[in-house]
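So you can see what is in the structure, the chains are spelled out below.
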Amino acid sequence: MNEKEVLQRARDFVIENFMYMRKNKTIGDDESLLRTGVISSLGMMEVVGWVEEAFGVIVDPEAITEQNFDTLNGIASFVTSRVSASAA
Amino acid sequence: MCGIAGIIRSSGKETTLDALGAMAAVLRHRGPDGYGFYADADAGLAHVRLSIIDVAGGAQPLTNEDGSLIITYNGEVYNYVELAEELRRAGHQFRTRSDTEVLVHAWEEWGPGMFERLNGQFAFALYDRRTHMVVLARDRFGVRPLFYAQPDGDLVFASEAKALFASGDVTPAPDPVGLDEVFTFWSARAPRTVFEGVSQLQPGCWAQWRDGRLTVSRYWAPEYERGTVEPADALEQLDGILNSSVNLRMRADVPVGAYLSGGLDSTVTGALAAAASPFALRSFSVAFSDPALDESLHQRAVARVLETEHAVQSIGAEEIGAAFPGVVRHTETPVIRTAPAPMYLLAKLTRERGIKVVLTGEGSDEVLLGYDLFKEAMVRRFCLRQPDSAWRPRLFDRLYPYLNTGNRGGTFWSQFFLTAGSTDDPLFSHMPRFLLTSRIKEFYTDDRRAALEGTDVLQQLRDGLPADFQRWSGLEQAAYLEVTTLLPGYLLSSQADRVGMAHGVEGRFPFLDHRLFAFASALPGRSRLRGMKEKDILHRWARQKLPDSLPKRTKQPYRAPDVDAFFNASRPPEYRDRLLAPEALEAFGWFDPAAVGGLVRRCLAGRATGFLENQALVGILSTQLWHQEFFTNRQSAAPLPPEGADVLLGSAIHAVHNGDRG
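Chains as they are written, first to last, in the working numbering: chain B, 1 to 88; chain E, 1 to 662.
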């Protein structure tokens, strides 16, 4: 699975679960999910859980950083690197 | 405690006993022990009574010696014994032992100067038939409710809005801005309500209605004049006020009980009540089947040490779902938490056990700074002074440990708090709560959103702040906002008066004695919030004055199951799917069916676990119930007949009943 596909799945997941009530709003791939209020702190735990479940990767506590989880691109990049690391 | 209602005319319309009887009928839960009416050609008053003081002689409406002043009154003036003595010395004659009569003579003696002398929780109307003038008044903190409308230049008032509608003079219609306030502040802000054309008298205010004109004046407002040093005898002063406050609130001709939450505040009121009670104190508490919410172990520990006769109301998801429509009927407003439901069921149990007055710990967190919100505001301000500091935001981990479960994320989470409002904003302390609550509005229909375009309820709150506000410290500003928004609008109403009086149970709140407020607000801030230690002076007092064996813990915030009450019960309540269906949502026009559909899908999948979705689900479902109750499916009750009344006064009644009763 390439990074583009992961990005699309992450976008779908966020829209379906966190933006279903904002039908006229979109989120940019580099926009902060927390600062824009799309995802709350508890919601972030749900994203982490989804990443673990959907892609079979273990997310260590120290990996939950702004860089890895605060944007769609960050999530895509993090997941891709982990998946390819475990496949290697 | 009781229910009051009245119609005063300037339009020339007739006030019928039927209309007064209909108003009284829908307030009957507030006063199941008796009722009475006053009616003359252009004024009518009604009263339903919960007998607590002067059970034999306290029936209402009640008049002065010459019958020119008539009062209908809901509440308690605790220092009525002392006031009656003062009034007797000034030459007033008393016919009863009731606090009601004290108010009539107090108006004659002091006029508007009477209000600042009253220590209590009250809402009343005093009618002067010589001048065709009405005085309305409400207690300082807004413990007791008072609604009014002015259709066609007349004045119609009552303890609850449903009585205004029962009068036939006021047509129920929603106020969308009132709802927008609910979805910002958790309740509409007085004088606004969620009903168009219906106002509520603001706490600490009185009003005079004459010749079709209503003039509202304020006699009390929260003020903060902090000292720089805590007085050496501060603990003794606090001890004196707390004891006096509880002792005054034990005044009743019926047994007084207590609610125990397991936290420090109700332990304090329970301990002082037990000491003052001539009988073994009866205590009551709520137990939740969800262990994450339950505090019954701690409640029982307190009850054991205080040797109270303790009763517990167990609450699971099913009970909340089943009670919720009744709760909304009584709160008369959408709510964003189910937390009023357990209090509703607790009041029912309390009444079934024969108790109609309870002391509770309400008000302590506002007066002595107990809420996390105060600490949160302090930490946010501290962080924003050094925005680049890496360690300062770590304080949020201490404040909200669950945000950092297993060290997952640390300072990452704190972004929400640090981006919610600037330190220049007078609403700084409350912006995280207001912004989070406002997210329910994302579920509005497009039409609703368009209709509210340009309405900014936050700015309206800012614009109405008192001149002194800017002079106060950040903590004091936060305390003021709490005391004037959430306390009267939600806590004392939806979570106290309305759900207690639904079952004829009166709550009394020793921490809301205005003398305690004056004492606390003159203390240095650190006497109340010392670092991250809340209610510091109360903890010090408790260590010194209460038995060592008595637990003095800080309880967790009171929560009840929200989404779980409707989606995790063994059987969902019948109204859930019906009211959340697209047709019902479209018919009522508040919330977008597709957005609500998304929420329901997540609730069914067990994924709606965050604050936003919990409050949205409860807010949407309660709005649907509220709309159904008040606008599409309004029930009427048969008017209370004059034949059953304890009191019948006034020329209109004498004309009808040949003057056979006085």
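Bear in mind the hints are in silico, worked out from the structure with no lab data behind them. Here a beta-carbon is modelled for each residue, glycine too, at the ideal position from N, C-alpha and C. Please note that a few of the clues may not be correct.
Chain B is faced by these chain E residues, among others (derived, beta-carbon under 7 Å) [said to hold, decoys possible]:
| hint | residue |
| --- | --- |
| 1 | E442 |
| 2 | F443 |
| 3 | P593 |
| 4 | A595 |
Hint check results:
A cut of 7 Å between beta carbons decides the hint on E442 of chain E: the least distance to chain B is about 4 Å, and the hint holds. For F443 of chain E, the interface hint holds, since its Cβ comes within 7 Å of a Cβ in chain B; the closest pair sits about 5 Å apart. Taking 7 Å as the C-beta contact cut-off toward chain B, the hint placing P593 of chain E at the interface is violated, the least distance being around 11 Å. Among the interface hints, the one on A595 of chain E holds; its C-beta lies about 4 Å from the nearest C-beta in chain B, closer than the 7 Å criterion.
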